[in-house]
Amino acid sequence: MSQQAAPAVATPPAPGSGQADGRTARRPLALRLLARPEVGVFLGAVAVLVFFLIAAPSVRQGSSMATILYQSSTIGIMALPVALLMIGGEFDLSAGVAVITSALTASMLSYQLTLNVWAGVIVALVVSLAVGAFNGWMLVKTGLPSFLVTLGTFLILQGVNLAVTKLVTGNVATDDISNMDGFDQAKALFASSFDVGGVEVKITVVWWLVFAAIATWVLLRTKYGNWVFAVGGNKDSARAVGVPVTFTKITLFMLVGFGAWFVGMHQLFSFNTVQSGEGVGQELIYIAAAVIGGCLLTGGYGSAVGPVFGAFMFGMVNQGIVYAGWNPDWFKAFLGVMLLGAVLINLWVQRTATRR
Amino acid sequence: MTTNAASESGTHGAVLKDTSPEGEGPVVELRGAGKSYGNIRALHGVDLAVHSGRVTCVLGDNGAGKSTLIKIVSGLHQHTEGEFLVDGAPVRFGTPREALDKGIATVYQDLATVPLMPVWRNFFLGSEMTKGPWPVRRLDIARMKRTADEELRNMGIVLDDLEQPIGTLSGGQRQCVAIARAVYFGARVLILDEPTAALGVKQSGVVLKYIAAARDRGLGVIFITHNPHHAYMVGDHFSVLRLGTLELSADRSEVSLEELTNHMAGGAELAALKHELAQVRGVDVDGLPEERDLTAPAPPTSTSAPAAPTSPTTTSAPAAPVPPAPEGK
Chain A
1 MSQQAAPAVA
11 TPPAPGSGQA
21 DGRTARRPLA
31 LRLLARPEVG
41 VFLGAVAVLV
51 FFLIAAPSVR
61 QGSSMATILY
71 QSSTIGIMAL
81 PVALLMIGGE
91 FDLSAGVAVI
101 TSALTASMLS
111 YQLTLNVWAG
121 VIVALVVSLA
131 VGAFNGWMLV
141 KTGLPSFLVT
151 LGTFLILQGV
161 NLAVTKLVTG
171 NVATDDISNM
181 DGFDQAKALF
191 ASSFDVGGVE
201 VKITVVWWLV
211 FAAIATWVLL
221 RTKYGNWVFA
231 VGGNKDSARA
241 VGVPVTFTKI
251 TLFMLVGFGA
261 WFVGMHQLFS
271 FNTVQSGEGV
281 GQELIYIAAA
291 VIGGCLLTGG
301 YGSAVGPVFG
311 AFMFGMVNQG
321 IVYAGWNPDW
331 FKAFLGVMLL
341 GAVLINLWVQ
351 RTATRR
Chain B
1 MTTNAASESG
11 THGAVLKDTS
21 PEGEGPVVEL
31 RGAGKSYGNI
41 RALHGVDLAV
51 HSGRVTCVLG
61 DNGAGKSTLI
71 KIVSGLHQHT
81 EGEFLVDGAP
91 VRFGTPREAL
101 DKGIATVYQD
111 LATVPLMPVW
121 RNFFLGSEMT
131 KGPWPVRRLD
141 IARMKRTADE
151 ELRNMGIVLD
161 DLEQPIGTLS
171 GGQRQCVAIA
181 RAVYFGARVL
191 ILDEPTAALG
201 VKQSGVVLKY
211 IAAARDRGLG
221 VIFITHNPHH
231 AYMVGDHFSV
241 LRLGTLELSA
251 DRSEVSLEEL
261 TNHMAGGAEL
271 AALKHELAQV
281 RGVDVDGLPE
291 ERDLTAPAPP
301 TSTSAPAAPT
311 SPTTTSAPAA
321 PVPPAPEGK
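If you read the protein sequences in the order shown, they are chains A and B.
Mapping of the first sequence onto our numbering: position 33 corresponds to residue 33, and the numbering continues sequentially without gaps.
Mapping of the second sequence onto our numbering: position 152 corresponds to residue 152, and the numbering continues sequentially without gaps.
Calculated directly from the structure, the hints in this document are not laboratory data.
Don't be surprised by glycine CBs; every beta carbon is placed ideally from N, CA and C.
Keep in mind that a hint or two might mislead.
Covered by chain A, according to a simulated footprint, are these stretches of chain B (three or more residues, beta-carbon under 8 Å) [what the hints assert, rightly or not]:
# : region
1 : 91 to 103
2 : 126 to 134
3 : 249 to 255
Restricting the straight-line Cα-Cα distance to at most 30 Å, the calculated cross-link-like pairs of lysine-lysine (DSSO-like) are [unchecked claim]:
# : chain 1 : residue 1 : chain 2 : residue 2
4 : B       : K131      : B       : K145
5 : A       : K187      : A       : K166
6 : B       : K145      : A       : K235
7 : B       : K202      : B       : K145
8 : B       : K145      : A       : K332
9 : A       : K141      : A       : K235
If the Cβ cut is set under 8 Å, some of the chain A residues that face chain B in the computed set are [stated by the list, open to error]:
#  : residue
10 : R36
11 : Q61
12 : T142
13 : T222
14 : K223
15 : F229
16 : G233
17 : S237
18 : A238
19 : R239
20 : A240
21 : V241
22 : G242
23 : V243
24 : G300
25 : Y301
Isolated chain A, as found in the complex:
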């Protein structure tokens, strides 16, 4: 191929069209490292960890660290698909209540029809994926911003959660399902814990890290990951070169649905019952964890590792304040400062690293 073209193009091109003329020189390793989306949040997470290790001596115990990791994992499992979606250029405000929708579906279906809980779990998965697919389909078909589409879904789900639960159980919470068939199996999968050197670690921590590893691999090493970056970075260009934009966007929303299902199942099998009004406000925590994790709110840039550290910072601060004996009322204020700080650091790091 190149042989044929050689006569025409082998001649040196006009100056300025390329060549190693010093303008495309390799940037120093340190700068290229800093340009990675997860480096800023990694440094931030280390700083927060060190801070609380000093400020709150009880954090140094293994059991405290296990609690912190557990707290982080429940945020982190959802922050991962939310981050992928954000890299794909959209966000999902319904992610918080979708978790509760999933848990309510599984719980009420199993209890009311006296089925094996696995039936409820499977139906809940279908419902969660359907909610995600609906979000994506609406977005693609109408061309509306995801903020509006998912705000609508958020309100719908919030209302449906409360209304249907009251209709079915006559209460705002579902009935205890801990005596139902299959409960122990499901609990082992979603909400068990195991022993590591005398410290009880929740299984969600393992799932969190496994999902993060899979997400990283998919994002950086597969076609689909390439498409995610492309549809977030420039949707029209992606479509023009043959990337299936509609497919990518809808599956990203369905991935959030999957995350909501998983966390919903965890909550159900941890507490045996679900409060129908919960979940509101969680979606912003997930989005914040993704943004702190170095994902660009406008899409096209980010990583799956960053949100892991982002979620860890959340868990660390959340529990660290308690261990330090401070008034937990300050938690949200602390988070806000952390979010702004992280965003500013990210901004500064990216500007420094991409300056040429």
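Model the placement of chain B on the given structure of chain A, informed by the hints.
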């Protein structure tokens, strides 16, 4: 090197037909094609034929319908009237992917690149090379980087760091990456949407050289521009669009650069206004052509023409410095 390294991913089937002799029917042909958006007729009655190894220039002022025309051919929009044939068979593309599978590749004005993604990822975007069985099928990163580097070097672009975001390259470099990508992926027809519009004189010359190179490799090129000087350097056929329809469709032998420029610059309209303009003080109308000179294909006698290659074999000529072109707006 491989002639069609994309065979593994199997996403695009168009392989360059090395043997297609000239004189065969056109690869892409429009017959009376048009496009309406609601009650707005953006394009109507357009005939266009693209042959292998020839450069078909489509010229026109802003809003003349150039973009609509290429969007039909590249599969972004569908025509609402007339016929669109590829290899003699009527087609109707639903997505750009279908056009790509037929070997019709488009280099867009905005270059269809994702600025924050690395050069090599942009090069293979939408047609990624993969390896491994399904559950663990993954990008063949080493092969993609190596191939992208080779292809770019063939186009005269040497990048030390293919990981740098493509947004950090210059306009000319990005243009060449986009052309190299289209050529690599076995395009039979290459559509270039205003490739020289945003470039300086020298970089335009480089891009024109690659257009000639693509033509010599047997590709049919549709070169969209509003610069008649650039068009005349490489073009074999010229179609001038005005208000959504063809104003002029002439082979190189039938039209001179001057006539082309006049058509492009709204010369026909200006000539019609010459009489009125002459009444206005301070408007110099001497240079304007008479209306009768401009009535469609000019007699062949007027083709003394500026030096530019008419034969597809002379490739070096277009690489000559481009004269600073008075923009036809």
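Checked against the structure, which of the hints given earlier come out wrong? 3, 8, 10, 11, 12
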